[in-house]
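Using the sequences plus the hints, can you model the full thing?
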Amino acid sequence: MSDTTMRRTTLVPLALCLALLMVTSSTVTAGGDVTMMQGAPNAEQPTAENNTFHVFGRPNAEPCWGHFNNTDADNSNTGYGEKSGSGSSVVQIDWHCRMDPLLNENILLKEGEVIRVHLVFDIDGDATCQNQCENLNVSLMRGSVAAVTQEFNAGEGEGIMIDWDIPVTPDLVPWNRSDDNPGIKITWAGQGSDGFLFSPSQPAEFRVYFTHPCHSDTTPPQEANCNSDTEKPSNYNSTVLFPILNQTEAEAITGSGEEVEETPGFGAIIGMGGLAAAAWMRGIREEDE
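Residue 10 is where the sequence shown starts when you use our numbering, and the numbers rise one by one after that.
Treat the hints as calculated values from the structure; they're not laboratory data.
Careful: at least some of the hints might be erroneous.
[To be verified] Okay, derived cross-link-like pairs now, EDC-like style, lysine to aspartate or glutamate, Cα gap no bigger than 20 Å in a straight line:
1) 92 / 238
2) 92 / 143
3) 92 / 203
4) 241 / 143
5) 241 / 167
[To be verified] Just the calculated beta-carbon pair ranges, DEER-fashion:
6) 110 / 71: 13 to 21 Å
7) 240 / 121: 15 to 23 Å
8) 209 / 83: 48 to 56 Å
9) 80 / 160: 15 to 23 Å
10) 114 / 242: 49 to 57 Å
11) 101 / 257: 41 to 49 Å
12) 80 / 238: 18 to 26 Å
13) 204 / 238: 24 to 32 Å
14) 103 / 83: 19 to 27 Å
15) 204 / 122: 45 to 53 Å
A virtual CB, placed ideally from N, CA and C, is assigned to each residue, including glycine.
This is the structure we're talking about:
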């Protein structure tokens, strides 16, 4: 996939809801299973049932991208993207994995539930060096704007699993198909070490694992051509789970299925967040007309 396939991003509009303090829960663990979702018509687009955003990319993760189907023909054959340095050089990571294709419908998330981010990394390098280095930072993106960012003291090692729960506050309920294309941004900078006497040098290396057929708890399909390097458990699939509202919940607040025909995530949101989201959606429809 070329850079030209990465669609444009625009600034997110001012939220109609009151801004609330965002508190997130995150962990760095060695576990957290991820369930693969079956393909469906238009499976790259989200619905209440098809709500897992899968991360894909090229072998160097430039570009990386994501959508709501669990396979992608342009994905790295190895199931990961990586970047490495030499000697004591500093490796800098700045990857924005945008949804491609773009959202084709507005969606609404369920206030009070959580967006679950699950990412897997192999990291070698000292992120505490002065000036140039930084810890792992992960951002949930809406277009080109970071909705929320979390810093992780991930350290070094293989199979480092980031599990991050982001509460859906009123400002995270509506996602505009024009401006709020979802994505994940990953930044990190670490330094390698030079060899000394009989000790070899250890360059800095950073790897992110993508969703891939070889990441499975059962026998991978033969056409995936898996080997000892690419075969991993299913929890090596990097994903983001969005709590999208369904059509029934939409009709509960609008009183009409016709009004929400193009809005699979629109639904029953309580309180001010729901009222503001309803007004937002009606405004979008009026503009479309």
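Comparing the hints with the structure gives:
1. Between residue 92 and residue 238, the direct Cα distance comes to roughly 17 Å. Compliance with the 20 Å bound is thereby established for this hinted pair.
2. In summary, the hint linking residue 92 to residue 143 is supported, as the alpha carbons are separated by about 16 Å, within the 20 Å threshold.
3. Distance hint between residue 92 and residue 203 is fulfilled; the C-alpha atoms sit about 18 Å from each other, no more than 20 Å.
4. Distance hint between residue 241 and residue 143 is unfulfilled; the C-alpha atoms sit about 28 Å from each other, more than 20 Å.
5. In summary, the hint linking residue 241 to residue 167 is supported, as the alpha carbons are separated by about 12 Å, within the 20 Å threshold.
6. Judged by the Cβ atoms, the range 13 to 21 Å given for residue 110 and residue 71 holds: they are separated by roughly 19 Å.
7. About 38 Å separates the C-beta atoms of residue 240 and residue 121, a value inconsistent with the hinted range of 15 to 23 Å.
8. Under the hint 48 to 56 Å, the C-beta atoms of residue 209 and residue 83, about 35 Å apart, miss the expected range.
9. For the pair residue 80 and residue 160, the beta carbons lie near 32 Å from each other, so the given range of 15 to 23 Å is not met.
10. Restraint check, residue 114 to residue 242: a C-beta distance of roughly 33 Å breaks the suggested window 49 to 57 Å.
11. Restraint check, residue 101 to residue 257: a C-beta distance of roughly 47 Å satisfies the suggested window 41 to 49 Å.
12. Evaluation of the 18 to 26 Å hint for residue 80 and residue 238 yields a pass: the beta carbon distance comes to about 20 Å.
13. Evaluation of the 24 to 32 Å hint for residue 204 and residue 238 yields a pass: the beta carbon distance comes to about 25 Å.
14. The beta-carbon spacing between residue 103 and residue 83, approximately 21 Å, falls within the hinted interval of 19 to 27 Å.
15. Distance hint for residue 204 and residue 122: a CB-CB separation of about 50 Å, consistent with the stated range 45 to 53 Å.
Going through the hint list in order, the structure does not satisfy hints 4, 7, 8, 9, 10.
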